[in-house]
Amino acid sequence: MSALYLYGVTRPRELPPRLAERGLFLVEHDRRAAIVSDLEEAPVRASRRNLLAHADAVEELHEGGVVLPARFGVVLDDQEAAREFLALPDVEHLLERHRDTSELTLKGTYEESILAEVSRPLAPLQAAYRRAPSLEAGIALGEAVAQALADRRARDCETVLTRLAPLAQDVVVSEPFGEYAALDLALLVRRDAVEALNTALDEVVAELSPPLHLRLVGPLPPYSFVSLELQAAA
Amino acid sequence: MSVMQRESSAGYLTRAPRSSGLADVLEILLDRGLVIDAFVRVSLVGIELLTIDLRVVVASVDTYLRFAEAVNRLDLQQTSDAKGLPDMFGDAEEEGAERKTKGAVEGGMDAIKEKIGLGGRKKDDEDDDDDR
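Residue numbers (the working numbering), protein chains in the order written: chain P, 1 to 234; chain U, 1 to 132.
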């Protein structure tokens, strides 16, 4: 089977030896190149190891130039299919658009103590629950706490966005996942604006700080900004 | 994974130059990135359980009850913190019991994180083979 696993798209260049040794190579067409490796066996297993290998490859290459990262698990039939795909005008457009961009992801998580903070106005429900810790009282209190937490989350997200969004070309705001999750942002910035964004983030952190923990990852290839699902040319 | 990855942390902010764990890459690689209909096929296994479980832990009666319990416990904690020095030694036993409760709740959260594969699980997939 001669199928190719697709990591992403880049401009023709030499691959770092570390990636070439792992079996990655480029299939080129014009000024565009698909980053691929031979695939012995499909379907691809979404194992921790494979996911991290995919991320490692596109992130390493992003350090040296534009990369449009593919979604995990994309398989091309053969080199001919790779070249046909590279010939799509949208591929060129995206490469141009992301010539000098990076993605930064920002995730926030609250400490448990956030519950004490947001539940301060809920003293009556709390007292009722303590007096008679029934299922109903527990649900009433918990639901009110969940709502207060959602309000707080929206407010903090707004604070962060107000400061950071002006520095970004584009932002994807996702519903944060998890009971104590606070926010989940992907920011598209020019490579030369990464520093400015970092500085702004430091200021935001000083304002928000406890009990909100933030994690900034990047500069990454623009994972969240290449997702137009390209259709085959008729 | 790159050996050059360095994480830095200042107060409540952690920075990482690259994705460094499942929690970082999971949503990004499965939900985002380039997809090209008709030229390629998305071909993978092992996702179904992950994506379904990801949606499981949303607001539910279970969550509400956990929140209620936590608020109650945090409140008790604060009240006892405010007591001041003289009582602290006499409270040793009570505090021990409280710690036990906390441990149980956190254990529950860990189990959930483990189930959905988030939360920095260190262990590699046991049957991991070199797929490509």
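Quick caveat, the hints were computed from the structure, so don't treat them as lab data. Don't take each hint at face value.
Said to hold, decoys possible - Pairwise CB distance ranges (calculated): (1) P:Glu-111 - U:Val-61: 34 to 42 Å; (2) P:Arg-190 - U:Ser-60: 50 to 58 Å; (3) P:Ala-123 - U:Asp-62: 21 to 29 Å; (4) U:Asp-31 - P:Arg-49: 16 to 24 Å; (5) P:Glu-136 - U:Gln-77: 39 to 47 Å; (6) P:Arg-190 - U:Leu-76: 34 to 42 Å.
Where is the CB? At the ideal position from N, CA and C, for every residue including glycine.
Hints versus structure:
Taking the beta carbon of each, Glu-111 of chain P and Val-61 of chain U are about 24 Å apart, not inside 34 to 42 Å as hinted. Checking the proposed 50 to 58 Å range against Arg-190 of chain P and Ser-60 of chain U shows it is violated: the Cβ atoms sit about 42 Å from each other. In this structure, Ala-123 of chain P and Asp-62 of chain U meet the distance hint of 21 to 29 Å, their C-beta atoms being roughly 24 Å apart. Checked against the hint of 16 to 24 Å, the pair Asp-31 of chain U and Arg-49 of chain P passes, with Cβ atoms roughly 20 Å apart.
For Glu-136 of chain P and Gln-77 of chain U, the Cβ-Cβ distance of about 25 Å falls outside the hinted range of 39 to 47 Å, so the restraint is violated. Checked against the hint of 34 to 42 Å, the C-beta distance between Arg-190 of chain P and Leu-76 of chain U comes to roughly 50 Å, which is inconsistent with it.
Violated hints for the displayed structure, listed by number in ascending order: 1, 2, 5 and 6.
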